[in-house]
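> Sequence:
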Amino acid sequence: MFTGIVEEVGEIVDVRQSEELVVLTVRGPAVSQDAAHGDSIAVNGCCLTVIDDEGASGELFRLELVPETLKRTSLGAVTAGSKVNLERAVPAGGRLGGHIVQGHVDGVGVLVSRTPGERSDEVRFSLPGELSRYVVEKGSIAVDGVSLTVAATDGETFSVALIPTTLADTTLGMRKPGDTVNLEVDVVAKYVERLAAGYLGGSGGEARIQ
99 MFTGIVEEVG EIVDVRQSEE LVVLTVRGPA VSQDAAHGDS IAVNGCCLTV IDDEGASGEL
159 FRLELVPETL KRTSLGAVTA GSKVNLERAV PAGGRLGGHI VQGHVDGVGV LVSRTPGERS
219 DEVRFSLPGE LSRYVVEKGS IAVDGVSLTV AATDGETFSV ALIPTTLADT TLGMRKPGDT
279 VNLEVDVVAK YVERLAAGYL GGSGGEARIQ
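With the working numbering applied, the sequence shown corresponds to residues 99 to 308, in that order.
Check each hint, because a few of them may be wrong.
[As the list claims (entries may be wrong)] In silico DMTMM-like cross-links for lysine to aspartate or glutamate, where the CA-CA straight-line distance does not exceed 20 Å:
1. K236 x E291
2. K169 x E291
3. K274 x E254
4. K274 x E228
It should be emphasised that the hints constitute simulated quantities derived from the structure, not laboratory data.
Model the full structure from these sequences, guided by the hints.
Structure, rendered in C-alpha cells:
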C-alpha cells in the first residue's frame with residue numbers, strides 16, 4: 099500500500115524489451131537505498147516489483163512491466179530520460195500522509211489545461227467515463243501517484259489545485275496540456291459501490307425496499 103506522498107522524482111535510465119516484458123532501469127537514490135528483490139515501488143502511481151539486478155547498483159534498480167501494465171497505464175510511453183514519481187510501500191505503522199493508494203491504476207487521463215497562479219496552479223484532467231462516478235468534489239484521487247484533492251468535476255473532467263511543494267517535488271510541475279497521466283480513484287468508493295450493489299435494483303438503479 100502507498101499513500102500518494104511522492105518521495106522523489108526519479109529518472110528512467112534504460113528501457114529494454116525482454117520477450118513479452120519491458121524491463122525498466124530507474125535512477126532513484128532515495129527509494130533505492132534499501133530496495134531489495136521483491137519490494138514494491140510505485141512508479142507514476144503504478145505498483146511495480148523490484149527484480150534482482152545484474153549491473154545496476156547503488157542508486158539504480160530494475161522493474162518489469164507485463165503486457166497488462168503496458169495496456170492499462172501510461173508507462174508504455176516512457177523512454178530513457180523520462181522523469182517519474184517514486185514512492186516506496188508504506189511500512190506498517192507508517193504515517194498515512196495522503197490517502198490509501200493501492201498502486202493499481204484505474205485508467206489514463208490527459209492534462210487538458212493548467213492555469214498558473216502566483217504560487218499554485220489549477221490543473222484540469224480528462225476523466226474516463228467509467229471512473230466518473232468515483233470522483234467527487236473534495237474527494238481523493240491519485241494522479242501519477244500523487245495524492246490530490248478534487249477541486250471540481252463535471253463528469254468528463256476534474257480539476258485540482260497544486261501547491262508549491264507538489265509543483266516542486268513531483269512531475270506534475272512539469273506536465274503540459276496533452277500529457278497522459280495515470281489515475282487511481284479512491285478505493286473506498288469502489289468497495290462502497292460493491293457492498294451496496296445487493297441493495298440496488300441494478301447498477302445505478304434505485305435501492306430495493308425489503
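> Look at each hint and say if it fits the structure.
Cross-check of the supplied hints:
1. K236 x E291: This hinted pair holds, its Cα atoms lying about 18 Å apart.
2. K169 x E291: 25 Å, violated
3. K274 x E254: 19 Å, holds
4. K274 x E228: 24 Å, violated
Of the numbered hints listed earlier, those contradicted by the structure are 2, 4.
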